[in-house]
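Peer 1: For the record, the sequence lines run as chains A and B. All the letters of the first sequence, read from the start, carry residue numbers 608 to 704 under the working numbering. All the letters of the second sequence, read from the start, carry residue numbers 52 to 234 under the working numbering.
Honestly, the hints are just simulated from the structure, not real lab data. Don't take every hint at face value.
Derived Cβ-Cβ restraints for the label pairs, each shown as a range [as the list claims (entries may be wrong)]:
{"hint": "1", "chain 1": "A", "residue 1": "699", "chain 2": "B", "residue 2": "65", "range": "24 to 30 Å"}
{"hint": "2", "chain 1": "A", "residue 1": "699", "chain 2": "B", "residue 2": "190", "range": "47 to 53 Å"}
{"hint": "3", "chain 1": "B", "residue 1": "165", "chain 2": "A", "residue 2": "669", "range": "31 to 37 Å"}
{"hint": "4", "chain 1": "A", "residue 1": "699", "chain 2": "B", "residue 2": "135", "range": "16 to 22 Å"}
{"hint": "5", "chain 1": "A", "residue 1": "611", "chain 2": "B", "residue 2": "133", "range": "39 to 45 Å"}
Partial list, computed: chain B residues near chain A (C-beta under 8 Å) [claimed, not checked]:
{"hint": "6", "residue": "67"}
{"hint": "7", "residue": "69"}
{"hint": "8", "residue": "167"}
This one's a predicted model, so the numbers in the text were calculated from it and none came from an experiment. The C-beta atom is built at its ideal place from N, Cα and C for all residues, glycine as well.
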Amino acid sequence: MLAEAIFFSAVLFTIGVIGVLTRRNAIIIFMCVELMLNAVNLSFVAFARAYGVAGQIFVFFVMTVAAAEAAVGLAIIIALFRHKQTVNLQNINLLRG
Amino acid sequence: MEHYPLFYTFHFYLFGLVAVASAILFVTRRSPVSAAMWLVSTMFSLAALYVMLDAPFIGVIQVLVYAGAIMVVFLFVIMLLNLGQASEIADVRSQGWRLAAGLVGLALLAEIFALTRSSSVSGLTLAPGTAARAVNDAGAVGMVAGPLFTTYLLPFEITSVLLLAAIVGSVMIGKQRRAADAR
Numbered sequence: 608m609l610a611e612a613i614f615f616s617a618v619l620f621t622i623g624v625i626g627v628l629t630r631r632n633a634i635i636i637f638m639c640v641e642l643m644l645n646a647v648n649l650s651f652v653a654f655a656r657a658y659g660v661a662g663q664i665f666v667f668f669v670m671t672v673a674a675a676e677a678a679v680g681l682a683i684i685i686a687l688f689r690h691k692q693t694v695n696l697q698n699i700n701l702l703r704g
Numbered sequence: 052m053e054h055y056p057l058f059y060t061f062h063f064y065l066f067g068l069v070a071v072a073s074a075i076l077f078v079t080r081r082s083p084v085s086a087a088m089w090l091v092s093t094m095f096s097l098a099a100l101y102v103m104l105d106a107p108f109i110g111v112i113q114v115l116v117y118a119g120a121i122m123v124v125f126l127f128v129i130m131l132l133n134l135g136q137a138s139e140i141a142d143v144r145s146q147g148w149r150l151a152a153g154l155v156g157l158a159l160l161a162e163i164f165a166l167t168r169s170s171s172v173s174g175l176t177l178a179p180g181t182a183a184r185a186v187n188d189a190g191a192v193g194m195v196a197g198p199l200f201t202t203y204l205l206p207f208e209i210t211s212v213l214l215l216a217a218i219v220g221s222v223m224i225g226k227q228r229r230a231a232d233a234r
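The task is simple: from the sequences and hints, build the whole structure.
Peer 2: Here it is in structure tokens:
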């Protein structure tokens with residue numbers, strides 16, 4: 608099942624990348640990043656079955672980092688919304704010259 | 052070559068296809084709330100795949116942490132900022148961006164499939180059924196907890212510092228600045 612799991616993982620990761628590149632809503636882009644993390648977790652678990660339990664430990668750490676990242680990222684989005692009244696990335700261009 | 056019963060193969064493909072279909076629905080939804088619900092569906096299917104890949108503890112954690120905690124926080128923020136309805140401004144980028152995204156996606160898929168085709172290091176793989184036996188011997192939790200508290204103890208402790216930093220950081224960022232409001 609290793610090849611099949613990696614196939615699904617690749618497809619999910621690609622969907623996440625396409626979502627990040629095509630959407631402008633900051634929250635949806637953030638959820639696409641979570642989808643990419645999930646896709647990588649799937650291949651980690653599939654490899655853990657073939658190469659030893661270390662892959663599952665790594666998934667555990669990825670989930671912890673994802674939880675921390677979600678908390679900080681959503682706090683940034685809330686601060687951004689308070690400042691600009693929008694989460695649409697088209698209107699957030701403070702760094703554009 | 053390891054042999055799988057038809058029941059197992061059928062459900063593996065079923066959950067995999069459900070995950071992919073939910074992910075496609077997730078990126079095409081306009082409303083953030085329905086997008087989040089489809090992402091939850093993807094995460095549940097992935098949890099089923101984890102259980103089928105002999106990682107039952109990771110599957111449970113996936114449901115509890117990802118589908119439970121993280122997605123609830125996402126939905127909470129969507130409702131807090133009142134973003135439930137599809138935005139009236141163009142949410143999807145222009146044709147050129149979509150074309151570029153499609154090309155990047157195709158390149159990524161081609162790369163990963165080329166890597167999968169290449170000869171695997173079969174000498175390193177464990178004997179079939181090793182993971183299932185580990186689940187039986189050490190239990191679903193013990194299989195992960197054993198290495199986590201011996202070999203990987205230092206990364207595990209560093210994780211707690213990371214979580215503390217994340218808590219402090221999100222509180223500081225999310226805090227209302229009275230002085231800035233008064234200005």
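Peer 1: Go ahead and decide if the range 16 to 22 Å is satisfied by the Cβ distance of residue 699 of chain A to residue 135 of chain B.
Peer 2: At roughly 20 Å between Cβ atoms, residue 135 of chain B and residue 699 of chain A fall inside 16 to 22 Å, so the hint holds.
Peer 1: Given residue 167 of chain B as an interface hint, is its Cβ closer than 8 Å to any Cβ of chain A?
Peer 2: 6 Å, holds
Peer 1: Are residue 69 of chain B and chain A close enough, Cβ to Cβ, to be under 8 Å, as the hint says?
Peer 2: 10 Å, violated
Peer 1: Tell me if the interface restraint on residue 67 of chain B is satisfied: Cβ within less than 8 Å of some Cβ in chain A.
Peer 2: 4 Å, holds
Peer 1: A range of 39 to 45 Å was offered for this pair. Does it hold for the Cβ distance of residue 611 of chain A and residue 133 of chain B?
Peer 2: 42 Å, holds
Peer 1: Do the beta carbons of residue 699 of chain A and residue 65 of chain B sit within 24 to 30 Å of each other?
Peer 2: With a Cβ separation near 41 Å, residue 699 of chain A and residue 65 of chain B fall outside 24 to 30 Å, so the hint is violated.
Peer 1: If you check the beta carbons of residue 699 of chain A and residue 190 of chain B, does the distance land in 47 to 53 Å?
Peer 2: 48 Å, holds
Peer 1: Given the hint of 31 to 37 Å, is the C-beta distance from residue 165 of chain B to residue 669 of chain A inside that range or not?
Peer 2: For residue 669 of chain A against residue 165 of chain B, whose Cβ atoms are near 25 Å apart, the range 31 to 37 Å is violated.
Against the hints set out earlier in the document, violations occur for numbers 1, 3, 7.
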